[in-house]
Amino acid sequence: MMDSLGGIAHGLSIAASPANLLYCLAGALLGTFVGVLPGVGPLLTIALLLPFTFSLEPTGALIMLAGIYYGAQYGGSTTSILLNMPGETSSVVTCIDGHAMARQGRGGPALAVAAIGSFVAGTLSTGIVAFFAPVLAGVAIRFGPADYFSLMVLGLVGAIVLAQGSFVKALAMIVLGLLFGLVGTDVNSGEQRLTFGIQALADGIGFVPVALGVFGIGEIIRILIGQERDGGRVIPHGSLMPSRQELRASSGAIARGSVIGSALGLLPGGGAALAAFASYTVEKKLARDPSRFGRGAIEGVAGPESANNAAAQTSFIPLLTLGLPSNAVMALMIGALMLHGITPGPRIMQAEPDLFWGVVASMWIGNAMLIVLNLPLVGLWVRLLRVPYRFLYPTIVLVSCIGVYGVSNSAFDLVTTAVFGLLGWVLQSLRFEPAPLLLGFVLGPMMEENLRRAMILSRGDPTVFLREPISLALLVLTGLLLAAIILPTVRRNRERVFAE
Amino acid sequence: MARIRFPTLDRRSFLTAALTATAAATLSGVAAPAARAASPASWPTQPVRLVVPFPPGGGTDLLARALADRLSKLHPQPFVVENRPGAGAAVGTDYVAKSTDGHTFLFTSSNHVTVPALSTAVRYDIFKDFKSVVLVADQASVLAVDPELPGKDAAEVLAHIKANPGKYNYGTAGIGSGQHLSTAFLQQLTGIDIVHVPLKGQGEIISELLGKRIQAGFLVLSTALPYFRSGQIRPLAVALPERSPFAPEIPTFGEAGLKDFAARSWLGLLAPAATPVAVVDRLHGDIVGFAKDKDYVAITEKAGMALVNEGPAAFDAEIAAGYAQWKRVIQTAGIKPS
Numbered sequence: 001m002m003d004s005l006g007g008i009a010h011g012l013s014i015a016a017s018p019a020n021l022l023y024c025l026a027g028a029l030l031g032t033f034v035g036v037l038p039g040v041g042p043l044l045t046i047a048l049l050l051p052f053t054f055s056l057e058p059t060g061a062l063i064m065l066a067g068i069y070y071g072a073q074y075g076g077s078t079t080s081i082l083l084n085m086p087g088e089t090s091s092v093v094t095c096i097d098g099h100a101m102a103r104q105g106r107g108g109p110a111l112a113v114a115a116i117g118s119f120v121a122g123t124l125s126t127g128i129v130a131f132f133a134p135v136l137a138g139v140a141i142r143f144g145p146a147d148y149f150s151l152m153v154l155g156l157v158g159a160i161v162l163a164q165g166s167f168v169k170a171l172a173m174i175v176l177g178l179l180f181g182l183v184g185t186d187v188n189s190g191e192q193r194l195t196f197g198i199q200a201l202a203d204g205i206g207f208v209p210v211a212l213g214v215f216g217i218g219e220i221i222r223i224l225i226g227q228e229r230d231g232g233r234v235i236p237h238g239s240l241m242p243s244r245q246e247l248r249a250s251s252g253a254i255a256r257g258s259v260i261g262s263a264l265g266l267l268p269g270g271g272a273a274l275a276a277f278a279s280y281t282v283e284k285k286l287a288r289d290p291s292r293f294g295r296g297a298i299e300g301v302a303g304p305e306s307a308n309n310a311a312a313q314t315s316f317i318p319l320l321t322l323g324l325p326s327n328a329v330m331a332l333m334i335g336a337l338m339l340h341g342i343t344p345g346p347r348i349m350q351a352e353p354d355l356f357w358g359v360v361a362s363m364w365i366g367n368a369m370l371i372v373l374n375l376p377l378v379g380l381w382v383r384l385l386r387v388p389y390r391f392l393y394p395t396i397v398l399v400s401c402i403g404v405y406g407v408s409n410s411a412f413d414l415v416t417t418a419v420f421g422l423l424g425w426v427l428q429s430l431r432f433e434p435a436p437l438l439l440g441f442v443l444g445p446m447m448e449e450n451l452r453r454a455m456i457l458s459r460g461d462p463t464v465f466l467r468e469p470i471s472l473a474l475l476v477l478t479g480l481l482l483a484a485i486i487l488p489t490v491r492r493n494r495e496r497v498f499a500e
Numbered sequence: 501m502a503r504i505r506f507p508t509l510d511r512r513s514f515l516t517a518a519l520t521a522t523a524a525a526t527l528s529g530v531a532a533p534a535a536r537a538a539s540p541a542s543w544p545t546q547p548v549r550l551v552v553p554f555p556p557g558g559g560t561d562l563l564a565r566a567l568a569d570r571l572s573k574l575h576p577q578p579f580v581v582e583n584r585p586g587a588g589a590a591v592g593t594d595y596v597a598k599s600t601d602g603h604t605f606l607f608t609s610s611n612h613v614t615v616p617a618l619s620t621a622v623r624y625d626i627f628k629d630f631k632s633v634v635l636v637a638d639q640a641s642v643l644a645v646d647p648e649l650p651g652k653d654a655a656e657v658l659a660h661i662k663a664n665p666g667k668y669n670y671g672t673a674g675i676g677s678g679q680h681l682s683t684a685f686l687q688q689l690t691g692i693d694i695v696h697v698p699l700k701g702q703g704e705i706i707s708e709l710l711g712k713r714i715q716a717g718f719l720v721l722s723t724a725l726p727y728f729r730s731g732q733i734r735p736l737a738v739a740l741p742e743r744s745p746f747a748p749e750i751p752t753f754g755e756a757g758l759k760d761f762a763a764r765s766w767l768g769l770l771a772p773a774a775t776p777v778a779v780v781d782r783l784h785g786d787i788v789g790f791a792k793d794k795d796y797v798a799i800t801e802k803a804g805m806a807l808v809n810e811g812p813a814a815f816d817a818e819i820a821a822g823y824a825q826w827k828r829v830i831q832t833a834g835i836k837p838s
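Protein chains in written order, with this note's numbering: chain A, 1 to 500; chain B, 501 to 838.
Read the hints as simulated data drawn from the structure, not as lab findings.
Be a bit skeptical, because a hint or two may be false.
Below are the EDC-like pairs computed for lysine to aspartate or glutamate, each with C-alpha atoms no more than 20 Å apart in a straight line [stated by the list, open to error]: (1) K700/B to D186/A; (2) K802/B to D354/A; (3) K598/B to D625/B; (4) K759/B to E749/B; (5) K700/B to D203/A; (6) K628/B to D781/B; (7) K700/B to E448/A; (8) K169/A to E433/A; (9) K836/B to E191/A; (10) K652/B to E755/B; (11) K700/B to E191/A; (12) K827/B to E191/A; (13) K667/B to D461/A; (14) K802/B to D569/B; (15) K836/B to D203/A; (16) K836/B to D693/B.
If you anchor each label on the Cβ, the simulated ranges turn out as follows [claimed, not checked]: (17) A774/B to V415/A: 25 to 35 Å; (18) D3/A to P647/B: 21 to 31 Å; (19) A774/B to S166/A: 57 to 67 Å; (20) I486/A to N664/B: 40 to 50 Å; (21) L574/B to L430/A: 57 to 67 Å; (22) R467/A to G651/B: 21 to 31 Å; (23) A778/B to V426/A: 51 to 61 Å; (24) R244/A to P647/B: 55 to 65 Å; (25) K662/B to R459/A: 11 to 21 Å.
Computed from the model, here is a short list of chain A residues facing chain B with C-beta under 8 Å [claimed, not checked]: (26) A200; (27) L324; (28) H340; (29) T343; (30) S408; (31) N409.
No residue lacks a Cβ here, since even glycine has one placed at the ideal position from N, Cα and C.
With the hints as constraints, model all of the structure from the sequences given.
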């Protein structure tokens, strides 16, 4: 305990040096900026900046790169809320209620609550990283393939809750998402699946083309065709800041989101991707009136935004203590550390205390900077939507294209984005919701990988999922959630039958 | 001279140069298709691209960026790293094989030989489509195991695994990955029977080893060293001709009694086959010269790479030998080409 307090004090003294404060601010600013540009994510930015960090000292370099990462989480929520354009898995759910709020002219409160939630979650999870990093690193190792599989099953069942409309349509979207996730090289045999001989599909379909396509581009097509009344324009009215009532409604969601996000962020095998989805599911299940969700419920923004920021911070624990990246951005950070001769690993806290505590402390400072930066920006972002759509939408599409192309310099990805844009338009016109599709697409491949891995390790014995205690607990939870989803429907039907 | 004879081409190249000055990485498609393999004296006449067939952040990307920075200072045109990942390395490699602008090169790893050895679907020929420039560096690959496996040295541990067929697991970065092929080769040499668990990358191999779900795997020395030093993972033997200066306590496979085992993991620069020899020589000379640059040497050392700077002839021989060896391993193991 004292060690941690001493460590934090030491870390603050390092992170608060003028140079490191500057790196922190530069990273947070740059991250916000690239997060706001649809399609241009932290991955591309960090990749481009990597050579510049050669000349920095390692703590400063990592502070800046970390700043870009969580700054982009803030910025990403801005485009999700205002433009319905998720740049990352974690901001997909924010689109659902965040964009609905923006359409009602409540974009300001949605953005503000997202920023406040992120800050609270960031503070809490930074504390968790500081006090429990060494203990929690062990948890990540103990989580095996069987446990991950059961976690993904729980996540997929939870995806049904994401949908506000028809249960069957949500299920259909999840299955469609799973099918898209199947495209690529089979992990255990090396065979090509559903690639139709196209080499560019050998590694599967990219997340960014699918997410930008089915959400943003699909909606832009709808607006241009004129299916959308008011041309999809979001006219800001009312307060930019949330009302006291909205804040009160958000506070519980922020607290729960922080806890859920902190826990899931620890799991490098896809936990962080689930955080926002899990938080949304919990909020919708706890709500007195779940029908508000999908129509601009502020808890649907506050919870997931808090959860994804908390997960972004705690995912540094497996990175720093085990060298395990939870996503591509984290893998890049390992590359950056290696450049400075630092290999993340079990001894990093003892061997590089300046780096470890400096970065932990800078996370908190960076979050504080971000909220100071972002709250005044809310007004500016909302005003951005007053730009006539004949200027705004071509710009968005152009920036998206640059972002999509930039990730792997592949023109094929642009075609993919266009195809998914058309699909998004068709689906939205038929009132199929894209969020469950995306969740199936993200979780499907991870679920399959872990299923097959668990089966190899158990030499083909399926009872392994019931014998592993963590896996068993998750499956029981899945059963309960399934019952909670199905029973009310059944009861309602029975009541209807009895009424007749 | 070419200017007078091909006025249209000249205008196009002027345009390209003007555009690339602001957006070097994105406008590749605009470049004139006709080979402007300019005379070496004036080369380069436009930004030079080092295509890395992997996503940003890995060892290959890192070294390519360190090289590009320094080459930019030696030439009047910038050198830009361009990541074109996909299909093991086949997407980026194919791209360079088909490029004709005289300013596009391939910076790749030993996947260059394993991918075509595995797959019949690659649309380029590593022997006919490329000229070797320089094999820049070697990365040390270490066979590592769970420290709980009994045995005082590599031979004893392997004997224990052999005495328990099908009981233990090994992890790799996937079907056809370097680790998979290396282990397949090891199995052929020693007769051990151990179960393959395809994972995603070295990070997962380490975490599954720490979680005791797998018992063996090949790891890159530099990233695994902290775990070797902390005793959580045990190194058995390193796939190098000599012991590594970074970890002299780890014996080589030769010392461990496996003289025939070789799994060289290299990083090197290749050019499209039509590249003039003078350009190849110039780049080779530049890169060899960087061995005097302290910062550059420091970067490679920190990443656990050994600078070898083998020239075109030695590089050609390595590619031919590597391809033949892995082709044989793959056929013997019955690893299916995809």
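Hints versus structure:
no., hint, in the structure
1, K700/B to D186/A, "holds, 13 Å"
2, K802/B to D354/A, "holds, 19 Å"
3, K598/B to D625/B, "holds, 11 Å"
4, K759/B to E749/B, "holds, 18 Å"
5, K700/B to D203/A, "holds, 13 Å"
6, K628/B to D781/B, "holds, 19 Å"
7, K700/B to E448/A, "holds, 13 Å"
8, K169/A to E433/A, "holds, 8 Å"
9, K836/B to E191/A, "holds, 8 Å"
10, K652/B to E755/B, "holds, 14 Å"
11, K700/B to E191/A, "holds, 16 Å"
12, K827/B to E191/A, "holds, 18 Å"
13, K667/B to D461/A, "holds, 15 Å"
14, K802/B to D569/B, "holds, 17 Å"
15, K836/B to D203/A, "holds, 18 Å"
16, K836/B to D693/B, "holds, 19 Å"
17, A774/B to V415/A: 25 to 35 Å, "holds, 29 Å"
18, D3/A to P647/B: 21 to 31 Å, "holds, 27 Å"
19, A774/B to S166/A: 57 to 67 Å, "holds, 59 Å"
20, I486/A to N664/B: 40 to 50 Å, "holds, 47 Å"
21, L574/B to L430/A: 57 to 67 Å, "holds, 59 Å"
22, R467/A to G651/B: 21 to 31 Å, "holds, 30 Å"
23, A778/B to V426/A: 51 to 61 Å, "holds, 56 Å"
24, R244/A to P647/B: 55 to 65 Å, "holds, 59 Å"
25, K662/B to R459/A: 11 to 21 Å, "holds, 19 Å"
26, A200, "holds, 6 Å"
27, L324, "holds, 5 Å"
28, H340, "holds, 7 Å"
29, T343, "holds, 5 Å"
30, S408, "holds, 5 Å"
31, N409, "holds, 5 Å"
Of the hints listed earlier, there is not a single one the structure fails to meet.
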